[in-house]
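*Asks:* These are the residues of each chain, in order.
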Amino acid sequence: MKRHAVKLLCLALALAALAAPAERRASAHKFHTSFAEADYDAETRSLQITLRTFPDDLEAAVRRRGGRRVSPDDKKAFGARVFAYLQETFQVRTAKGEAAKLSWVGMDAGADSAWLYFEASLPEGVEGAQVRQQFLCDLYDDQINLVNVKSGGRKVELRFERGGEFKVITLK
Amino acid sequence: MPSKFLRAAVLSVFFAASAQVALPQSKTNPSDKFRQLEEILPTPNEQRAASGAPGRSYWQQRADYNIKVELDDLRQRVTGSETITYYNQSPDALPYLWVQLDQNLFAKDSDSVLTSAAPSFKDIPYRTIDSLLARRDFEGGYQITAVRDAAGQPMRHAVVKTMMRVDLARPLAPAQSASFSVDWSYNINDARRVGGRTGYEYFPKDGNYIYEIAQWFPRMAAYNDVSGWQHKQFLGSGEFTLEFGNYRVSITAPDDHIVSATGVLQNPNEVLTAQQRARLRQAETARAPVMIVTPAEARANEAHRAAGRKTWVFAADNVRDFAFASSRKFIWDAQGHNVDGNRVLAMSFYPKEGEPLWSKYSTHAIMHTLNVYSRYSFTYPYPVAQSINGPVGGMEYPMICFNGPRPEEDGTYPAATKYGLISVVIHEVGHNYFPMIVNTDERQWTWLDEGLNTFLQYLAEQEWEANYPSRRGEPRNITEYMASADQVPIMTNSESVLQFGNNAYGKPATALNILRETVLGREQFDFAFKQYAQRWKFKRPMPADFFRTMEDASGTDLDWFWRGWFYTTDHVDLSIERVRLFRTDTMNPDAEKAARRAERAERPPSLSEERNRALAKRADEFPSLRDFYNEYDELVVTERDREEYRKFLQGLTPRERELLQTGLNFYVVDLKNVGGLVMPVIFEIEYADGTKETMRIPAEIWRYNNAEVSKLIMTPKEIRSISLDPRQETADADASNNSFPRRPVQTRFQIFKQQTTQNPMQQLERKQPAALQPPPTPNP
Chain R
1 MKRHAVKLLC LALALAALAA PAERRASAHK FHTSFAEADY DAETRSLQIT
51 LRTFPDDLEA AVRRRGGRRV SPDDKKAFGA RVFAYLQETF QVRTAKGEAA
101 KLSWVGMDAG ADSAWLYFEA SLPEGVEGAQ VRQQFLCDLY DDQINLVNVK
151 SGGRKVELRF ERGGEFKVIT LK
Chain X
1 MPSKFLRAAV LSVFFAASAQ VALPQSKTNP SDKFRQLEEI LPTPNEQRAA
51 SGAPGRSYWQ QRADYNIKVE LDDLRQRVTG SETITYYNQS PDALPYLWVQ
101 LDQNLFAKDS DSVLTSAAPS FKDIPYRTID SLLARRDFEG GYQITAVRDA
151 AGQPMRHAVV KTMMRVDLAR PLAPAQSASF SVDWSYNIND ARRVGGRTGY
201 EYFPKDGNYI YEIAQWFPRM AAYNDVSGWQ HKQFLGSGEF TLEFGNYRVS
251 ITAPDDHIVS ATGVLQNPNE VLTAQQRARL RQAETARAPV MIVTPAEARA
301 NEAHRAAGRK TWVFAADNVR DFAFASSRKF IWDAQGHNVD GNRVLAMSFY
351 PKEGEPLWSK YSTHAIMHTL NVYSRYSFTY PYPVAQSING PVGGMEYPMI
401 CFNGPRPEED GTYPAATKYG LISVVIHEVG HNYFPMIVNT DERQWTWLDE
451 GLNTFLQYLA EQEWEANYPS RRGEPRNITE YMASADQVPI MTNSESVLQF
501 GNNAYGKPAT ALNILRETVL GREQFDFAFK QYAQRWKFKR PMPADFFRTM
551 EDASGTDLDW FWRGWFYTTD HVDLSIERVR LFRTDTMNPD AEKAARRAER
601 AERPPSLSEE RNRALAKRAD EFPSLRDFYN EYDELVVTER DREEYRKFLQ
651 GLTPRERELL QTGLNFYVVD LKNVGGLVMP VIFEIEYADG TKETMRIPAE
701 IWRYNNAEVS KLIMTPKEIR SISLDPRQET ADADASNNSF PRRPVQTRFQ
751 IFKQQTTQNP MQQLERKQPA ALQPPPTPNP
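Protein sequence lines, in the order shown, are assigned to chains R and X.
The working numbering numbers the first residue of the first sequence as 1 and each following residue consecutively.
The working numbering numbers the first residue of the second sequence as 1 and each following residue consecutively.
Keep in mind the hints are simulated off the structure, nothing from the lab.
One should not assume that every hint holds.
Unchecked claim - Below 30 Å or equal to it, Euclidean Cα-Cα: the simulated DSS-like pairs (lysine-lysine) are:
| # | chain 1 | residue 1 | chain 2 | residue 2 |
| --- | --- | --- | --- | --- |
| 1 | X | Lys33 | R | Lys155 |
| 2 | R | Lys150 | X | Lys647 |
| 3 | X | Lys161 | X | Lys539 |
| 4 | X | Lys33 | R | Lys172 |
| 5 | R | Lys172 | X | Lys161 |
| 6 | R | Lys172 | R | Lys155 |
As the list claims (entries may be wrong) - To spell it out: a stretch of chain R is covered by chain X in this simulated footprint if at least three of its residues, at any positions, have a beta carbon under 8 Å from a beta carbon of chain X; those stretches are:
| # | region |
| --- | --- |
| 7 | 53-62 |
| 8 | 120-132 |
| 9 | 137-149 |
Glycine included, every Cβ here is placed at the ideal spot set by N, Cα and C.
So that you can see chain R by itself, here it is in the shape it has in the complex:
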């Protein structure tokens, strides 16, 4: 009985999908792309990630998760919220497929750009590790996230859209 209901819901969603609005806003701010530089540091065996985004998008994403409203000026509380959001949206797995531990380093925010700094621990190396980047995908249907992974002169660019699966890092 329960199973049946789930199926129906899927069908309803599938029908709705046919009517998805393709229209994009003509706003001056439709830069729905985030860029992340992920440099593997062999010494600390961690992926050092710098994610650049827009401060207002960041705030909107944090606010959507609910809870007490936190001003971006309250850097400690806001940073903690951002990191919690990042842990849900920016996922890293080791080559063995285990979730890599993320640690928060901090953030720089101006009025025009915000940079988030965090690390993913990859003791077995970066090759074969996996990334799934869904930052802001809950906010914008057309969000695109690019992750540029670099290690010792080799690199690979990973591209994610909403709903994208994990991608394996194969450096070139």
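With chain R held as given, fit chain X onto it using these hints.
*Replies:* What follows is chain X alone, placed relative to chain R:
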């Protein structure tokens, strides 16, 4: 006998980087980034001249509109009736006319709906489902109830999705006009849920609506010398292009609504109170915005419910479209502004939810935009310029635009909201110039108005306040996008563009800024850009007209620039691969041999030489084995050497003797074009004596070899270091190969981490009671 020619000797090689890469310059893989664009651009003709100006037979169509429309506030419907007078100024007879039906975008079976790819159902946000369902349930699209000729007789017509063909009894000959009328109605979309450039917003707390009504009446499709009828279906991204004409529009709305529209209000005595009219007169000469409807009055209006209706009549001349907004929630402020002798009334309309931001910034931002844009293009020609707050995030129409940002409910706002509002007002008011007056075709080329407008927006923002946080314009802000793989060239049709904002707004705006600052210089760029704007105001230019005018007026061949930035996805990444030093051989045996002796002495013995030194030598054991060569020292200067040097000098001309004695250092800097985009080479040279010099080399240095080139620097001084693009003006995506000797470039991550002795959260905690603490290490 030394040769008479100056011999160069390689004295040292400082630095050698990666191996040489073969140049892809072959019969099968030509790489010619300076190839002229003529083979890509359309051939100039009588309509469009080779200079980029309108040709001697340039023509465009004209369409005048007389519209009556009623806004139904109970059912959120628009019902309208229009008479279009179409002037055929083309050399062609037209058997039928094409009309745009943009509201059909919202029809359930529109191409926009049918061609949208399925969203992912992993982690589908609630809002997306709500939007999908709202769209599915919305009964959108036009109901066309009549199409009649001037005599009132029905005309044959066919609706083709977002277009309608109207058949004429006989072809419309050149220089003739035709009038016909259309009656229609449609349901207004909920812009917050269904999306769109137009629509309503419902305020559940007070039960009122704001309507922003655009792309709302059947409009004549453009007919031009390049595309013929522009009846490319509307899929939602390619905004539109239309014909210029005169409009007279009567808008009937609830009698307690305030209506703002393209053009000038014709019947203020019928729709405004005596007090509002007096305030408007006062605003014309005021030095600050004057409230025509005060916040208190707007709040009182919110509680009101209309008993009847009022008709507002607006007239607008020489515009390419018409939009309006209506609500009983509107606060209304206005200020007269003199733009180069043209009196303009700048006005803003917003609900209390927009306060306190809107009364402070909107009208100011309008006037600022008119000042800056008029200086770079042409004097704003219209009598009003208006900014409306409602559900649409940002969209432009002639003399009126819709802008979304609002503060928090408690009236506070983060900096991003303040600058977001100022920027979007500048951007959308700025669209009056491009494409409302320079009438480019956004259904075909988004960048041709959005890119130019985003560029001027950047200039206007930088004149708003020092260090204004502009999102686009600075070259360093576009490098990540340009280096990324996921992109298409700027010269891509509007509906196929990937990464819309970066492609059609950010990259062309940055390209123009680089063209202005680095390639042409401000004076030449500004002259050429103004030429383009003035040549094409109230006309319809194509990309080639822009490219050609910029070259024609600047006296510079920019084909390489357009080719690289607009027709490819190459990015900028120049690299200093190595630097070689050459010095002239003075030929003076006393100097040269001494130098070689010193060099020999400096060289440490090899390991084997060192260890062999102690071995017993046979020649020492049997001295008879020694002869002349055991004593000969080739570096001892002989009289014969000196005599030859004297003869050598006598054989030189005085100029040659002078050159020989300059003692110049010849540095050869080997450059590689890693990113593919050819760009000017900007060196900052630091000498051993601590002095610095900047060297700016035009992009043409790459014209013989697009991949590798060497630049010679002649100097009597010794160079300590060279850096490439030190002021970050070329959008070079990789700074790590921009210096000699190579300097390790720290990533932002490393810099951030270094500044943080404690982890940032601890540091922030320490900083919280800021007033009580000594100033911490500065945080960026």
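*Asks:* Against this structure, judge whether each hint is valid.
*Replies:* Now the hints, each set against the structure:
| no. | hint | result |
| --- | --- | --- |
| 1 | X:Lys33 / R:Lys155 | holds, 27 Å |
| 2 | R:Lys150 / X:Lys647 | violated, 62 Å |
| 3 | X:Lys161 / X:Lys539 | holds, 28 Å |
| 4 | X:Lys33 / R:Lys172 | holds, 27 Å |
| 5 | R:Lys172 / X:Lys161 | violated, 47 Å |
| 6 | R:Lys172 / R:Lys155 | holds, 5 Å |
| 7 | 53-62 | holds (count 4) |
| 8 | 120-132 | violated (count 0) |
| 9 | 137-149 | holds (count 8) |
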